[in-house]
Amino acid sequence: MSAEHAEAGAGAAASAPARPRMGLSIRTRGLLVSLVLLAIPFVGYGYVREVERVLKAAQEQAVTAQARAVATALHDRPKLLDRRFDRVEGSAVYPRGTTVAATQEIELIVRGLRRSGSRIWVIDQDRRLLVLEGSLRQDPRREPDEAADLWDRIQRAVLGPLFALLLDRPREDFDDALPEAVISGGRAVDNALTGVPSTRWRETADRRAVVLAAAHPVWNGTEVVGAVVVEETTNRVLSLRNRAFEQLLTTTLAVFVLGALTLFFFTRSLSRRLARLRDEAEQAIDARGRIRRAFRAERDRDEIGDLSRSFGTVLDRLAEYNDYLERMAARLSHELRTPIAVVSSSLDNLRTGPSAPGAQVYIQRAEEGVRRLNALLTRMSEARRLAETLKGTERERFDLGRVVSGCVAGYVAAFPQQRFDLRLPERRIELDGAPDLIAQLLDKLVDNARDFSAPGEPIEIAVDAEWDWARLAVSNVGPLLPEAMASQVFDSMVSLRPPAPNGEGARAKAEPPIAPKSAEPHLGLGLFIVRLIAEFHGGTATARNRADRRGVVVEVRIPVA
Amino acid sequence: MSRRIAIVEDDAAIRENVADTLRRQGYEPTPYADRKTALAAFRSRLPDLAIVDIGLGDEVDGGFTLVRELRALSETVPIIFLTARDSDLDLVSGLRLGADDYLTKTISMPHLLARLAALFRRVEVLRSPPKNEEAVERGPLRLDLKRMTATWRGGPIDLTLTEFWMVHALVKYPGHVKSRDQLMSEANLVVDDGTITSHIKRIRKKFVGADPAFDAIDTVYGMGYRWVEGPGAA
Numbered sequence: 005m006s007a008e009h010a011e012a013g014a015g016a017a018a019s020a021p022a023r024p025r026m027g028l029s030i031r032t033r034g035l036l037v038s039l040v041l042l043a044i045p046f047v048g049y050g051y052v053r054e055v056e057r058v059l060k061a062a063q064e065q066a067v068t069a070q071a072r073a074v075a076t077a078l079h080d081r082p083k084l085l086d087r088r089f090d091r092v093e094g095s096a097v098y099p100r101g102t103t104v105a106a107t108q109e110i111e112l113i114v115r116g117l118r119r120s121g122s123r124i125w126v127i128d129q130d131r132r133l134l135v136l137e138g139s140l141r142q143d144p145r146r147e148p149d150e151a152a153d154l155w156d157r158i159q160r161a162v163l164g165p166l167f168a169l170l171l172d173r174p175r176e177d178f179d180d181a182l183p184e185a186v187i188s189g190g191r192a193v194d195n196a197l198t199g200v201p202s203t204r205w206r207e208t209a210d211r212r213a214v215v216l217a218a219a220h221p222v223w224n225g226t227e228v229v230g231a232v233v234v235e236e237t238t239n240r241v242l243s244l245r246n247r248a249f250e251q252l253l254t255t256t257l258a259v260f261v262l263g264a265l266t267l268f269f270f271t272r273s274l275s276r277r278l279a280r281l282r283d284e285a286e287q288a289i290d291a292r293g294r295i296r297r298a299f300r301a302e303r304d305r306d307e308i309g310d311l312s313r314s315f316g317t318v319l320d321r322l323a324e325y326n327d328y329l330e331r332m333a334a335r336l337s338h339e340l341r342t343p344i345a346v347v348s349s350s351l352d353n354l355r356t357g358p359s360a361p362g363a364q365v366y367i368q369r370a371e372e373g374v375r376r377l378n379a380l381l382t383r384m385s386e387a388r389r390l391a392e393t394l395k396g397t398e399r400e401r402f403d404l405g406r407v408v409s410g411c412v413a414g415y416v417a418a419f420p421q422q423r424f425d426l427r428l429p430e431r432r433i434e435l436d437g438a439p440d441l442i443a444q445l446l447d448k449l450v451d452n453a454r455d456f457s458a459p460g461e462p463i464e465i466a467v468d469a470e471w472d473w474a475r476l477a478v479s480n481v482g483p484l485l486p487e488a489m490a491s492q493v494f495d496s497m498v499s500l501r502p503p504a505p506n507g508e509g510a511r512a513k514a515e516p517p518i519a520p521k522s523a524e525p526h527l528g529l530g531l532f533i534v535r536l537i538a539e540f541h542g543g544t545a546t547a548r549n550r551a552d553r554r555g556v557v558v559e560v561r562i563p564v565a
Numbered sequence: 604m605s606r607r608i609a610i611v612e613d614d615a616a617i618r619e620n621v622a623d624t625l626r627r628q629g630y631e632p633t634p635y636a637d638r639k640t641a642l643a644a645f646r647s648r649l650p651d652l653a654i655v656d657i658g659l660g661d662e663v664d665g666g667f668t669l670v671r672e673l674r675a676l677s678e679t680v681p682i683i684f685l686t687a688r689d690s691d692l693d694l695v696s697g698l699r700l701g702a703d704d705y706l707t708k709t710i711s712m713p714h715l716l717a718r719l720a721a722l723f724r725r726v727e728v729l730r731s732p733p734k735n736e737e738a739v740e741r742g743p744l745r746l747d748l749k750r751m752t753a754t755w756r757g758g759p760i761d762l763t764l765t766e767f768w769m770v771h772a773l774v775k776y777p778g779h780v781k782s783r784d785q786l787m788s789e790a791n792l793v794v795d796d797g798t799i800t801s802h803i804k805r806i807r808k809k810f811v812g813a814d815p816a817f818d819a820i821d822t823v824y825g826m827g828y829r830w831v832e833g834p835g836a837a
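These protein sequence lines are chains A and B, in that order.
First residue of the first sequence: 5, per my numbering; consecutive thereafter.
First residue of the second sequence: 604, per my numbering; consecutive thereafter.
No lab work stands behind these hints: they were computed from the structure.
Predicted, not measured: the structure shown is a model, and the values here were computed from it.
Incorrect hints may appear among the rest.
Stated by the list, open to error - Below, computed lysine to aspartate or glutamate pairings styled on DMTMM-like, alpha-carbon distance capped at 20 Å:
hint: 1; chain 1: A; residue 1: K395; chain 2: B; residue 2: D693
hint: 2; chain 1: B; residue 1: K809; chain 2: A; residue 2: E398
hint: 3; chain 1: B; residue 1: K808; chain 2: A; residue 2: E398
hint: 4; chain 1: B; residue 1: K804; chain 2: A; residue 2: E392
hint: 5; chain 1: B; residue 1: K808; chain 2: A; residue 2: E400
hint: 6; chain 1: B; residue 1: K804; chain 2: A; residue 2: E398
Model the full structure from these sequences, guided by the hints.
Written out as structure tokens, the structure is:
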């Protein structure tokens, strides 16, 4: 994009001001804007954290409730937690005062109230473990019910590594041993044995999981006879949280990708349209500032389309104005013809009628002036008449070399003082166009060369072909072109070089209406006509200083038929 | 009896100047400033020749309209357009409407008079029965210099005065190249190169219209034109 840009800029002539370097493109900006969407996962993350907190609180309440329920079931059952007996049965040491039967009953109660994934233990006042029921490990059967549908699987396959990186997965391979320290020194247990229910979070010994323990005292009347401790890992909450987080992340990622893509394509279409608009605008006007071709305005009914259309309108108006300027010369000549006719017919009458002695001289001079004016007008309207002719010209195939050699033979006869060097190609160069027009073009090139040619120097006329282009070059020794203005010489009414001071003698043209050179104004229409004819043939005309810097070469390139 | 020449021209100065010139030459000019008065006068009495401008006051193409009306009144009265307009389109339209010649206002009075005389001579000769003919014959081409008419293989070619003079200049010395300047002076024309080209084109077209094999006018690029005799000589 920047390359074509630079090219277009270079083509647009040195006169155009340097284009400021581009900052961020619209496309980049669009992408930056889409980054805002990335805030969504962070907000979501905070939300998930909150949910986790709530879940933990709920779990705490649930666990506490369970501990209370178990404790309540054991309340005021002195038989179950009697402190008066110690029992040893086999290898198991039963707490004092608790019978096997009592223990079994406690076990029954506990088992009845236990939830899966929770572990309940009951201790007596002496911190002896009476019953330990359940496991902290989750029921493994619950796992495979997910990952059922395809979407989940894809999501897991694509995003799994990311989640693994971001989230700590709950693990079920933690050490679920009940540490002695918890029983003997856990604060929850301490509180419970003093009659205060409490909960506590602790890590497992291997730090792989967090365990929530709720202790509740078991009352016998007003006396605390033991404590019930319900333990659960936070794994369930964690996996819930993880799921929520995964879903959130997946959704936001999808939204982000979708949003970014949409924005990307949108900005891309915007910047493409803008680039097209820029190219159109640049190509609509050529290096010389002429309107080259019709501006193709967009039809979209939005701001860019609007801009494009207003560009089109501006260029149309400019084209009209240019057209007006180019027609100006022709119109002027037309408007001037009538008053000139008045003058010349009056002079004619004056000459044939009786006149004061000596008046004839002045009549002659006035007629000379009118004749020059006429010649001028004819030249001025020539360009317009040519433009009209071009519209209706029929094309034919002809040999460029033959036309040029015929013309040059004519010049040699017409201007005996001028030397002409003609170089023709050996083979035919076929063009598709109008030989008359090419002859007219050559006339103008030679006229121009003669106007500026230094005396005694030949005018070089060369015809050759390279690839598909025929080249017709006319070069003369004489004043150089100002570098910067080289492209303007082909415009109407532009004359840059001062005519050669000596050239007056060389100009002995046979055309009756054209005055001697000294009297002839240089209108700069000749090369304008060259341009018109070259463009009619699909070619170009360029003027540049010769490589040896002794003069100027005007070159016309026309595609071969 | 002096010949009556109608001048229809909206510019008073030119109208009077032309009238003065004609009067001095013994013609009887009747100037009209607009189409309506001219047409009214033509209806009551036809002029011997009419010089008409195309733009007449507010009527941009008033001259064209007038010539059409005048041609409806008379098939034979010679008509010359004298106008500031020099585009090919106007020239072709004017001649197609039946004008005998089309001149731009830059023409000098002597040139104008020469044309008038030639036109009158042609009318004169056409009216009188053919007697001592003065003619140029070049192969199938025959130019009657008195009547200023041309025939090709016996068939008439409808040439305007300008065109007739050009053809005459070409065939006077067959094979010789006539430059555009020479053709211009032979035809009493003061125009530019481009107009000569379009005149030649029109002449060719007229001949080709009568004979598709016509190929006698040869373009010599950069020099001019020449008349080549015999088919296929070009």
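Honestly, which of those hints from before does the structure not fit? Of the numbered hints given earlier, the structure breaks none, since each of them holds.
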